[in-house]
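K.L.:
So you can see what is in the structure, the chains are spelled out below.
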Amino acid sequence: MLQYLKAEADRGRTPVIDAEISNVSRRGLLTGILGVGAFVLSVRLSLVDAKEAHKPYPTGGLKMPDGVVADPHVFIAIAPNGDVSIVTHRSEMGTGIRTSLPMVVADEMCADWSRVHLVQAPGDEPRYGNQDTDGSRSMRHFIQPMRQCGAAMRQMLETAAAAKWNVDPAMCQARNHEVVLLDNEKKETGKVLPFGELAQAAMALPVPAVETILYKSPDEFTLMGKGEVQIADLHNITVGKAGYGADVRLPGMKFAVMARPAVLGGRIKSYDASAALKVPGVHSVQEIAGVFAVPRKFAQLGGIAVVADSTYAAMQGRDALTIEWEDGPNVSYNSDSFTKEMSETAAKPGKVLRNQGDPDAAFAASKDIVTAEYHSQHLVQAPMEPLVAIARIADGKAEIWSCVQSPYGARKDIAEALKMPIENVTVHVSLLGGGFGRKSKWDFMLEAALLSQKLDGAPVLLQWTREDDIQHSFYHTTSVERIDVALDDKGKVTGWRHRTVAPSIVSTFKQDDGYQFPIEYGMGFVDVPFDVPNVRCENGQAMAHTRIGWFRSVSNVQRAFAVQSAVAEVAHKIGRDPKDFLLELIGPDRHIDPKASGFPDDFWNYGEPYEEFPINTARLKNVVRVAAEKAGWGKTLPAREGMGIAAHRSFASYVASVVHVKIDDDGTIRVPHVTSAIDCGFHVNPERIRSQMEGAAVMGMSNALYSGITFKNGAVQQSNYFDYNVTRMSNYPQKVDVHIIEAPWGVHAGGVGEPGVPPFAPALANAIFAASGKRLRNLPMGEKLA
Amino acid sequence: MPSLTINGEAHEFNGDPNMPLLWYVRDMLNLTGTKFGCGAGVCGACTVHVDGVAVRSCQVPLTEVAGKSVTTIEGLSPEGDHEVQKAWRKVNVPQCGFCQAGQIMQAASLLAKNRAPSDAEIVEAMSGNICRCGCYQRIHEAVRLAAGGV
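First to last, the protein sequences are chains A and B. Here my numbering is used: the first residue of the first sequence is 1, the next is one more, and so on. Here my numbering is used: the first residue of the second sequence is 787, the next is one more, and so on.
Among the clues, some could well be false.
Said to hold, decoys possible - Straight-line alpha carbon distances no greater than 20 Å define the calculated SDA-like cross-link-like pairs of lysine to any residue that follow:
| id | chain 1 | residue 1 | chain 2 | residue 2 |
| --- | --- | --- | --- | --- |
| 1 | A | Lys635 | A | Asn725 |
| 2 | A | Lys241 | B | Asn804 |
| 3 | A | Lys490 | A | Lys510 |
| 4 | A | Lys735 | B | Ala906 |
| 5 | B | Lys872 | A | Lys712 |
| 6 | A | Lys241 | B | Glu865 |
| 7 | A | Lys278 | B | Asn804 |
By construction, these hints were calculated from the structure, which means they are not laboratory data.
Please take these sequences and the hints and turn them into a complete structure.
P.N.:
And the structure:
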């Protein structure tokens, strides 16, 4: 493998491995399952062309920066000993994607998974295609290119074998890490060539033309869809050898922390570092200039860095700094009054984003109107691994090591900040100790790079503390969602009006006008899939006073909470079963017609072409039915217990959750059981889909009951896990049953990382109502019922 | 000038004796398996054993461990085959994996003093360790499995 890498470097290509970070796959298979080969070996693969088994379809991946790459020479290398290296170019933050995409390659190329090594790609999108690991789109956008890479390499191996044996390539068949020679009846002759012996010749071949590539038919998959492969880093994680952002050690490396302004836009008036410099182990104090011009994008906030022999000494030095700040206008930001203002805005008409039928007439003619307002506080991602980056500059070249979701975006901005050509900047990607959207913003990497530059290029590790993480994030927005539902005299819903008021992520990218952009209003707002004749969706103005960014599931969190709570509130009002009423409201099986439904022209469908990824009400209703049935919906429960249901489409997948709540005598809200159904289309790694859904219930419970960020005088009031509370083992969803809807290739792979979160909070609120008669409309709801 | 034993090796430290054990093992000894999560003793990511008992290493100054024996995740088992580690792999506990060294050290400490913990005892012992990915269901299952023998 190393020889290959050297050859790559000699050819002027980016070496695809960094020995300090990359981990060799531990190649685990789940216990109790036989090795891959045994039951497929004697069967000739019935390969088929793309029209049949791998009908290609366009995805939003083609429109992402640098699109997709499907070149086996980029992603696969075979060593003479037969070891296969597969490049994994997306960031691993817990979804399992680092394992799941290479599984697709290995399966198509008939590689033995136990001989596959993973190579984490550095940030280099022109070479690998888009690397922004965000939006639940890694599998959605790369399942096709990865199948293509694997199938092409299989064909190259067969072609190489045919040349060695001097036979027609049709007589050569790859299987389980070798190529076998077939006779005229397509039976095995007993002659085989292992992949290792074919490696050099196969890798020197041109990539076969796309239209000549043959694919496995789904019944011949050995890895895809089986759930039998363990994540590549499992062993290393359990022995403390998995490499995260702060785990690289460079010769002479220093450690640093930074003091930053408490209020967004705050500037240093003056500072005194004399006491800090007296702290044993502290080397120097460096001012890092902030970026104040709007838009700030992911620029550093600016502040004072303390550089020391250890992280501890650096933190001691920071404590000893005296800094006087000029807060700037955002000092007026107070969550209490801001929420009141948002609520007042939501009471008035806003900018109309969707209009279907005549909602005004429907409300005027209604027999009854159900009105409810749902509030949510800011959230912070708070991944267990605080932000960290290591930077070193030598010989005019910068190297950065970090836990980043978007290494190439970071690389571009770092090159600009350092005034270096991008070729001279390398961004190595470690494992991410969680991300949830925070690590797709690279302010912390810019800080480290600029700090190293101030230190004449010396290697430095810039560590964010938990307090830094909680107080200087790009926050999930705070919001007010108001829903009015018009009912006729038979209790039928004749009008639906939804107003959203929330500071927008747009404020991070351009001059803020207080209104949301398509990505936000496409998340469970204008796309509400109900069979109601008159619908209006309006957006009221709310200016941002802190950095707003994405958090796992983004606007879907507050939208699903509002919409799915409102549905249950209406069901209660008219005396209907909430599940039956939800199904009725979704209405007949159909693909929603965005135009006929009055969707805005700039309707955003998770970046996917609508014809390929339409809103399919049959799939949404199916997950509702499956979750309800598996949960035993309708069964009689003891006093102070109840079930609630919610369903939501997001990231091109459909999820329904039934939450079973039990309320203790002291009011503590407990969740003994969650039953979820997910339809994410064709899927590769059901074992990791289950783990994502289990985790989504836990994070859903954090969002629903515990977590909230509030501002006072422009500064965040919380600081660590003792006041920014998250779900702990003392009260967590005890049992999460996950039902994955089986789907053929033709049902395009959808997202998995995020879609599980949105339905949880409303299902929980609906269950609390069923158990207690109390309707909770504000997130976080609190762990105890008052 | 505290001297202490870490994973069976004797160490002497001449720096600030108030430095928390966490930063000593990470920054001075390059034992990076122990993780920094909160610095306040409220998340459990930095859990190590001092004389066999789980402690939050971010809260323990070196002066307090002088003469004591510290075990980090790297020293839990030479081959990584402690019953808790095996159970963790069998149940496929980790997602991002960052908190798992602390979780494993916490669970190992629990089982060292209580071979058959009840569900309530498992919850009590593990509630100081946060997992933001939400692996709790599997952590609970893995502790039960380790207690019963993997």
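K.L.:
Each hint should be assessed against the structure and marked as holding or not.
P.N.:
Structure-based check of each hint:
no., hint, result
1, A:Lys635 with A:Asn725, "violated (33 Å)"
2, A:Lys241 with B:Asn804, "violated (27 Å)"
3, A:Lys490 with A:Lys510, "violated (48 Å)"
4, A:Lys735 with B:Ala906, "holds (15 Å)"
5, B:Lys872 with A:Lys712, "violated (47 Å)"
6, A:Lys241 with B:Glu865, "holds (12 Å)"
7, A:Lys278 with B:Asn804, "holds (16 Å)"
Violation of the numbered hints given earlier is confined to hints 1, 2, 3, 5; the remaining hints are satisfied by the structure.
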